[in-house]
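Protein chains in written order, with numbering that gives the first Met the number 0: chain A, 0 to 291; chain B, 0 to 173; chain C, 0 to 673.
Accuracy of the hints is not assured; some may be wrong.
Here are the computed lysine-lysine pairs in the DSS-like style, where the Cα-Cα straight-line distance is at most 27 Å [stated by the list, open to error]:
1) Lys113/B / Lys291/A
2) Lys485/C / Lys411/C
3) Lys396/C / Lys113/B
4) Lys203/A / Lys539/C
5) Lys99/B / Lys291/A
6) Lys522/C / Lys140/C
7) Lys40/C / Lys140/C
8) Lys353/C / Lys307/C
9) Lys126/C / Lys203/A
Quick list of simulated restraints, FRET-style, between CB atoms [to be verified]:
10) Ser120/B / Thr133/C: 20 to 28 Å
11) Ala301/C / Gly68/A: 48 to 56 Å
12) Leu261/A / Ser120/B: 40 to 48 Å
13) Val245/A / Arg124/B: 52 to 60 Å
Bear in mind the hints are in silico, worked out from the structure with no lab data behind them.
Heads up, the beta-carbon is just placed ideally off N, CA and C, and yes, glycines get one too.
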Amino acid sequence: MTELQDTARRLLDEGEVKVVIGWEEGRRGVRPVFVTSAADCDRLVFDTRCVHNLATFLNPRRSQVASLGKAALVVKGCDAKAVAGLLREAQIERDGVVLIGVRCGGVVGSPVAPDAPALTAETVASRCFACDVREPGLVDVLVGDAQPEPPGSGTLDERIAALDALGPDERFAFWTNELSRCTQCYACRQACPLCYCERCIVEKTEPQWIETSPHPRGNFAWHLTRAQHLAGRCVGCGECERACPVGIPLALINRKLQQVVLELYDYTVSDDPAVPAPIGAYATDDTQDFIK
Amino acid sequence: MADFEPRITAFVCNWCTYTGADLAGTSRLHMASNVRIIRLPCTGRIDHMFIVKAFERGADGVIVSGCHPADCHYTAGNYHARRRFGVFRELLSFLGIDPKRVTFSWVSASEGGKWADVVNSTVERVRTMGPFDSYHGLVGAASPADDPFASFETPAGATGDSAAAPASHTGGAS
Amino acid sequence: MSRIGVFVCHCGENIGRTVDCAAVADALREHPGVAHAEDYKYMCSDPGQQLIKKAIADDHLTGVVVCACSPHMHEKTFRRAAEQAGINPFLVEMANVREHCSWIHEDREQATAKAIDIGRTIVEKVKHNKPLETIRIPVTKRALVIGGGIAGIQAALDIADGGHDVVLIEKDASIGGHMSQLSETFPTLDCSQCILTPRMVEAYQHPRIKLHTWSEVEKVDGYIGNFTVTIRKKARSVNEDLCNGCGDCQAACPSRKIASEFDAGLGKRTAIYVPFPQAVPNIPVLDRENCTLFKGRRKGLAKDACGKCKEACLKGAIDYDRDDAFVTEEVGAIVVATGFQLYDIGRDQPEGLKGYGEYGYGEVPDVIDGMQFERLASASGPTGGAMLRPSDGTEPKTVVFVACVGSRDPEKGISYCSKICCMYTAKHTMLYKHKVHDGRTVVFYMDIRAAGKGYDEFSRRAIEEDGAEYIRGRVSRIFRDGEKVKVWGYDTLSNRQVEVEADMVVLATAVRPQPGISELAQKLSVSYDQDGFLNEAHPKLRPVETNTAGVYLAGACQAPRDIPESVAMASATAAKVLGLFSADELERDPSVAKVNERTCIGCFNCERVCPYGAIEHRDVCDVDGHVCGHVAYVNPGVCQGCGTCVAVCPSKSVELANFTDDQIYSEINALAGW
Numbered sequence: 000m001t002e003l004q005d006t007a008r009r010l011l012d013e014g015e016v017k018v019v020i021g022w023e024e025g026r027r028g029v030r031p032v033f034v035t036s037a038a039d040c041d042r043l044v045f046d047t048r049c050v051h052n053l054a055t056f057l058n059p060r061r062s063q064v065a066s067l068g069k070a071a072l073v074v075k076g077c078d079a080k081a082v083a084g085l086l087r088e089a090q091i092e093r094d095g096v097v098l099i100g101v102r103c104g105g106v107v108g109s110p111v112a113p114d115a116p117a118l119t120a121e122t123v124a125s126r127c128f129a130c131d132v133r134e135p136g137l138v139d140v141l142v143g144d145a146q147p148e149p150p151g152s153g154t155l156d157e158r159i160a161a162l163d164a165l166g167p168d169e170r171f172a173f174w175t176n177e178l179s180r181c182t183q184c185y186a187c188r189q190a191c192p193l194c195y196c197e198r199c200i201v202e203k204t205e206p207q208w209i210e211t212s213p214h215p216r217g218n219f220a221w222h223l224t225r226a227q228h229l230a231g232r233c234v235g236c237g238e239c240e241r242a243c244p245v246g247i248p249l250a251l252i253n254r255k256l257q258q259v260v261l262e263l264y265d266y267t268v269s270d271d272p273a274v275p276a277p278i279g280a281y282a283t284d285d286t287q288d289f290i291k
Numbered sequence: 000m001a002d003f004e005p006r007i008t009a010f011v012c013n014w015c016t017y018t019g020a021d022l023a024g025t026s027r028l029h030m031a032s033n034v035r036i037i038r039l040p041c042t043g044r045i046d047h048m049f050i051v052k053a054f055e056r057g058a059d060g061v062i063v064s065g066c067h068p069a070d071c072h073y074t075a076g077n078y079h080a081r082r083r084f085g086v087f088r089e090l091l092s093f094l095g096i097d098p099k100r101v102t103f104s105w106v107s108a109s110e111g112g113k114w115a116d117v118v119n120s121t122v123e124r125v126r127t128m129g130p131f132d133s134y135h136g137l138v139g140a141a142s143p144a145d146d147p148f149a150s151f152e153t154p155a156g157a158t159g160d161s162a163a164a165p166a167s168h169t170g171g172a173s
Numbered sequence: 000m001s002r003i004g005v006f007v008c009h010c011g012e013n014i015g016r017t018v019d020c021a022a023v024a025d026a027l028r029e030h031p032g033v034a035h036a037e038d039y040k041y042m043c044s045d046p047g048q049q050l051i052k053k054a055i056a057d058d059h060l061t062g063v064v065v066c067a068c069s070p071h072m073h074e075k076t077f078r079r080a081a082e083q084a085g086i087n088p089f090l091v092e093m094a095n096v097r098e099h100c101s102w103i104h105e106d107r108e109q110a111t112a113k114a115i116d117i118g119r120t121i122v123e124k125v126k127h128n129k130p131l132e133t134i135r136i137p138v139t140k141r142a143l144v145i146g147g148g149i150a151g152i153q154a155a156l157d158i159a160d161g162g163h164d165v166v167l168i169e170k171d172a173s174i175g176g177h178m179s180q181l182s183e184t185f186p187t188l189d190c191s192q193c194i195l196t197p198r199m200v201e202a203y204q205h206p207r208i209k210l211h212t213w214s215e216v217e218k219v220d221g222y223i224g225n226f227t228v229t230i231r232k233k234a235r236s237v238n239e240d241l242c243n244g245c246g247d248c249q250a251a252c253p254s255r256k257i258a259s260e261f262d263a264g265l266g267k268r269t270a271i272y273v274p275f276p277q278a279v280p281n282i283p284v285l286d287r288e289n290c291t292l293f294k295g296r297r298k299g300l301a302k303d304a305c306g307k308c309k310e311a312c313l314k315g316a317i318d319y320d321r322d323d324a325f326v327t328e329e330v331g332a333i334v335v336a337t338g339f340q341l342y343d344i345g346r347d348q349p350e351g352l353k354g355y356g357e358y359g360y361g362e363v364p365d366v367i368d369g370m371q372f373e374r375l376a377s378a379s380g381p382t383g384g385a386m387l388r389p390s391d392g393t394e395p396k397t398v399v400f401v402a403c404v405g406s407r408d409p410e411k412g413i414s415y416c417s418k419i420c421c422m423y424t425a426k427h428t429m430l431y432k433h434k435v436h437d438g439r440t441v442v443f444y445m446d447i448r449a450a451g452k453g454y455d456e457f458s459r460r461a462i463e464e465d466g467a468e469y470i471r472g473r474v475s476r477i478f479r480d481g482e483k484v485k486v487w488g489y490d491t492l493s494n495r496q497v498e499v500e501a502d503m504v505v506l507a508t509a510v511r512p513q514p515g516i517s518e519l520a521q522k523l524s525v526s527y528d529q530d531g532f533l534n535e536a537h538p539k540l541r542p543v544e545t546n547t548a549g550v551y552l553a554g555a556c557q558a559p560r561d562i563p564e565s566v567a568m569a570s571a572t573a574a575k576v577l578g579l580f581s582a583d584e585l586e587r588d589p590s591v592a593k594v595n596e597r598t599c600i601g602c603f604n605c606e607r608v609c610p611y612g613a614i615e616h617r618d619v620c621d622v623d624g625h626v627c628g629h630v631a632y633v634n635p636g637v638c639q640g641c642g643t644c645v646a647v648c649p650s651k652s653v654e655l656a657n658f659t660d661d662q663i664y665s666e667i668n669a670l671a672g673w
């Protein structure tokens, strides 16, 4: 913690950045904070409640954040992957942000807790299982102690396997049921650092590919499209599911596609921006056993 | 379903499959009449939303067909399509939309016979699977009158108007 | 407000027999937005086209749908007719009710219903068609030819004789290529340099040809009609304007033992050298790798270790301090004529090739390849044309020729046939026999491929007149045994093993593209196959073009090729270039993509997938002129209209003209009312 605060203080003092975006203790738990003065740096915390993916604030279209000036961002490994995605897709320049990486051993499901809960198989967020970036690679500074592997048993993958074991009709019934609650509020889109399109495709009305009416048919089109657009890009931060007000298990869909691109194209989302995303690239010997 | 005639929308590339379908015609290769072709310059142009929209608009099955790898008129469009659809069909399957309703194929300009085969096998497969009532009924409309699409730009009385039209649009009944 | 005209063609009986055309016209007449519908026997005929033109005028049509054959047949016909009637040709579409309907179905009811569906779909599409204007881009009527071998020289001469300027660039010190290394050529056995050098001089002296030798392509920007090519003129150390080709520098050079590339390693040259006496231009080049002075400079010596050539030069043309220079040339077309290299018989092999360890990896000095044999046979070669073997300079009395070394051998990395080896092997046996009358030639072959004009007669001559022994079988091992080179092979026609004690062995090694071809191809955005040969646009119908507009191919860079074919191909390429230059502006199909800069988020997915490199970055500036973002821009001169960018754009900010989302959506929608 002190290391983090000292680093932030130094960056602000030396004028390298104008704002440090990290987490602070709020009234009910941990929340994002924009620290612009060195004196406020001791507000910065990092513990198991630091769930938020702060990379979303690097979206160049968040003009209020951009107007604060050059930022330093505190990133966990998964957050760094999202920053790599933004770099890969020319949304930000590498020298336009300072990345303070924190070594992370996992987070809990919700930032709302008076103290940092201990990580157990029950409390840990399901997305932390098998994390490969406990020490983020895309960083300018790395702080924090080395962390052990998160506890947990891959419940996300187990739930996906259970769904895969069902027949298509049963799965369809499952998803119709889940998606019928969707009101197309787009909180999932707003929370996602990689959903940064200024005019989202769902807002295109000529023609209207995705019906915006919150009925199952429109909701299917919306979620199919969002998942397809994120295929190979989603970093698995889980913010979409956390943001959803009606509790749709979005992480299942995105995690499933992570499994798909790994199996088909040997691709895992990387925090190295030089590694290209799988969709938009191709190999001449890509699998085509589904093609007649 | 003995009298169920599947409705298949086909998205094909202009240079290979469309020309292959032309060749099937020139060779008088008879095939099922359930397929309606939409011509695109390249499979690279085909967006996954076309498939979703086709199902929404009443298709029971979809065909996506283009040039063989390495033969794309535009060099690489089919490679991109192959990746995109490799992922999309897994997504469809995961959400419960049986990927057997979608046929992906490479049909070259000289493969008129293969096109006929793709058409016939797709029609038979979808016929066995039955109409895609579950998707067509997603809005929950009890009858065509409730369906918001019912009054959209359809020719006056089209459902019974043209000579011996196939079975009219089945409404929401799953 | 749409006013579409629908014209249903009977096509004689072709459509009319199976589809009730009148009923189709009736049904479509009722479709919203259709202002006119009729059926007729032959729409493509003159009276048929007149009906369309009349309807356009009388009914003020905003679009035309012809329900007939495939658009591949008559789209142009009807678009022309519409244009003559005064509406934009891109407002005309065809509904394919023949190839895709009447010819493949029997049931009249079903076929008619389907024809109505197809017609309706296209009517809905045409409601969203926009008038498009042919894209016209200016053309710089200058060509760049990369490679100064026989193909490059021929292409350059044809283009120049056709009235346009050519920039010819060659990476070696002289033009001429491999043909200048050959002794005599098949099937006539005329002297290679005798027929080549007049062409070389003609190219050098041609008023429209500008020659850059000892130069390579550094960078290529732009697109068809408008290329900007940066050329690296490598440091020659000799001022080309001052040098008069006297040769005093070469005579003075103390380093005389450098392996000569021109003699395929069999001869020696000096550090400052002209590759061969008939070199064009006759200006030497200094090999800085092997020059004593430059070796000293690299070691950091305070004083230059040599300087004899500069002292000897009376014109003061030697300049040790000149470095690589860059020139830019503006051209409208690029011809790639980089030729070939041979499969290396040595131990060092590039990735993917295995080399021939069983033949000693060429470590036996008397095992040579075809080009080395040419140099031995050549009057200007290291032995003055005498048949003397490399190891001890004696005359070989038995020479074994092994065909298909590397070719047709997927195990070693190359599965194709190199085309020229059967012919030059036969030639080699004859060249040898003409010099060593009592010699013996043995050829191990798989097949004899002699398909050209006079070729079969030529190879039979080798056997029948010059006594070459042809053994059908492969060679399993070649090794040195005392003074001899033992060759172990198999005779499949007599079913026996064969051992030949040879004095010299010539391997007919595979023809491969030049090294560095993949880098050049990437600079030109041209694709190449797994063997490195450059890809033609279509193997049968477009053999001299590539998929990159404005870049053409000539000669062996596309596939193994002999001299007559290389010359023919080069002239064909020149014809394409002259065709391009025949108009001041190039007309291109306007079905290209366009970015909506308002909604583009600058992720450049489109750039990553575009096969033609048509996407550029555009800066977006605020009112004060500061760059605040960037968006994509599609160059309409380069875009070929595939639409891959459209599918991959997450915000749907790019549209493909004539295959817009609106059009496709309306086609899908039209099928809702089946």
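Tested hints:
Proposed proximity of Lys113/B and Lys291/A is supported: the alpha carbons are some 9 Å apart, at most 27 Å. The suggested pairing of Lys485/C with Lys411/C holds, with an alpha-carbon distance near 22 Å, which does not exceed 27 Å. This hinted pair does not check out: Lys396/C and Lys113/B have alpha carbons roughly 60 Å apart, beyond 27 Å. Among the hinted pairs, Lys203/A with Lys539/C is inconsistent with the structure: their alpha-carbon atoms are about 44 Å apart, more than 27 Å.
About 12 Å separates the Cα atoms of Lys99/B and Lys291/A, which keeps this hinted pair within 27 Å; it holds. Only pairs whose Cα atoms come within 27 Å are accepted, and Lys522/C paired with Lys140/C is accepted, the gap being roughly 21 Å. With a C-alpha separation of about 47 Å, the suggested pairing of Lys40/C with Lys140/C is violated against the 27 Å cut-off. Under the criterion of a C-alpha separation no larger than 27 Å, the hint pairing Lys353/C with Lys307/C is inconsistent with the structure, at around 44 Å.
The straight-line distance between the Cα atoms of Lys126/C and Lys203/A is roughly 19 Å, inside the 27 Å bound, and the hint therefore holds. At about 42 Å, the beta-carbon gap between Ser120/B and Thr133/C misses the expected band of 20 to 28 Å. Against the hinted window of 48 to 56 Å, the Cβ-Cβ separation of Ala301/C and Gly68/A comes to about 54 Å, which satisfies the hint. Between Leu261/A and Ser120/B the CB atoms are about 31 Å apart, so this pair departs from the stated range of 40 to 48 Å.
Checked against the given bound of 52 to 60 Å, the beta carbons of Val245/A and Arg124/B, roughly 36 Å apart, lie outside it.
The structure fails hints 3, 4, 7, 8, 10, 12, 13 (numbered hints given earlier, in ascending order).
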